[in-house]
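J.: Residue numbers (our numbering), protein chains in the order written: chain A, 1 to 208; chain B, 209 to 468.
Honestly, I wouldn't trust all of these hints.
Stated by the list, open to error - No farther apart than 27 Å at their CA atoms in a straight line, the calculated lysine-lysine pairs in the DSSO-like style are these:
1) A/Lys122 x A/Lys157
2) A/Lys194 x A/Lys157
3) B/Lys339 x A/Lys165
4) A/Lys205 x B/Lys339
5) A/Lys157 x B/Lys339
Please keep in mind that the hints were generated in silico from the structure rather than gathered at the bench.
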Amino acid sequence: MKELRHLLAALLLSVPAGAAMADNHAGFNGVWHLASPAPALRTLSGRAPPLAVARGTTDDTDRCLPNGIPRLFLRGTPFRITVGKTMIGEFFETDHAFRLIYLDVPHFDAIAPAYLGQAVAKWDGDTLDIDTNQFNDVTWLDNTGLPHSDNLHLTEKLRLDRAGKLHDLITIEDPTDYRGSWQTELTFTRSAQKYLPEHYCLREKGLL
Amino acid sequence: MRKILAVALCAAGCGLITPIGLAASAQTAPGNATPLAANDEDATSAGIAPKGLPPPPADPRDFEGDWYPFTAPGSGPKGPPPGNAGGSNLPGVKPAASIFDNDENSPYSVELCNTPPLFLGTMGVAIVQSKDTVVVANEEAGDYRVILIGARHPPHFVPDRKGNSVAHWDGNTLVVDATGFTLQSGAPSDAHITERLYKAQNNTELVDAVDVYYPSTGRHEHRISTYRWRPDLKVSEEVCEEGYSAFEIKNGKLVIKADE
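Kindly generate the complete structure, drawing on both the sequences and the hints.
T.: Below, the structure written as structure tokens:
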């Protein structure tokens, strides 16, 4: 019996903490899509965001440039979440885009701002707290021209509810383009799709 | 014509896209301002990764992390050893160029803005791994590939550029079976790829041994690519499509933008 206890203890010790954590959050794994189409982002109270500048009029995705975050979620196409021990990946059908979210590390230097920014995160119980900065100012936040500057800072709280839906509470801070920070929430449902079809905008436009 | 245009586009855009991870991490390590040992003579002369990196996961089945070709900064001036990510030839088999070329009839060739079906990148990859999924995020062209462990190929998979990849474990080797490819033209390819992914050198290297079989001709091709554990480098956002920003569509044709 004593040996059995020792064996169990040894087995428990042999499981890396990260592995155990990744398994705990395995419910995030899979293919997801927006629960209901939402071309425009609204605040939690349903109001229009506190814009300090005019909406964008030139949509660079028409030229196959990336959609950015959170607009990628609003395109109505599915995305895959894969939860690893040291990072989490969001892999989108649209634009064959991917977002790597590094766990338990601070932001690192980059030589240029990015369409999808740079994301790091940590688990707070069953909620994934994502912090994203270092955006460029090219993308829109939604499909209606909601702009942002390169001062954009996104924080997200990603959590599963008991019904199996995935909620992304997004806080948007951009002192250049908005009068104060504001929040919005996106809800995703699990997709029956196991595979995401390929999407290459350039080919779709007949350029390849 | 299309190929020439593609080259022109890439020259206009792809070359201008600096891999952020490479350049940035050559200056500072993630999370601190300490210069990396990219210029460390000991490290470079030995042809190894910079010193002081966090160790790779000890689990030989854990591929997660950032992996880079031997030619990445800090890897040394002696050049890549046999089996570099740029491709090496096994004795008696076809040159690597035959499977990583711009032959539009090859299922491996790099079409602009999507990666070839295998790793085969000359830039880095980040691997995110869960119990039943391995996703390879490829810096080159900003594309990714999903490998489902323990799954079967779907019976009605619509062939595409990256094909369909399923895998199983053989000891500590992940055996990947990939099929369902198309050529650049969109026509289906009969290429059937078997890859054996495993870690080597105390888990600091990731080896991708590839066997390609064409049932219609009975031809086999082989290739080995090796990546090095490089947690100091982060796969950056490579937007191949930016190369097209110098162009516009007029009358259904892609033309160089007129000077403004």
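J.: Now, for every hint given, state plainly whether the structure supports it.
T.: Structure-based check of each hint:
Only pairs whose Cα atoms come within 27 Å are accepted, and A/Lys122 paired with A/Lys157 is accepted, the gap being roughly 10 Å. At most 27 Å may separate the alpha-carbon atoms for a hinted pair to count; A/Lys194 and A/Lys157 meet this at roughly 25 Å. At most 27 Å may separate the alpha-carbon atoms for a hinted pair to count; B/Lys339 and A/Lys165 meet this at roughly 21 Å. At roughly 37 Å between alpha-carbon atoms, A/Lys205 and B/Lys339 are farther apart than 27 Å, so this suggested pair is violated.
Proximity of A/Lys157 to B/Lys339 is assessed by CA-CA distance (about 24 Å); at most 27 Å being required, the pair is judged to hold.
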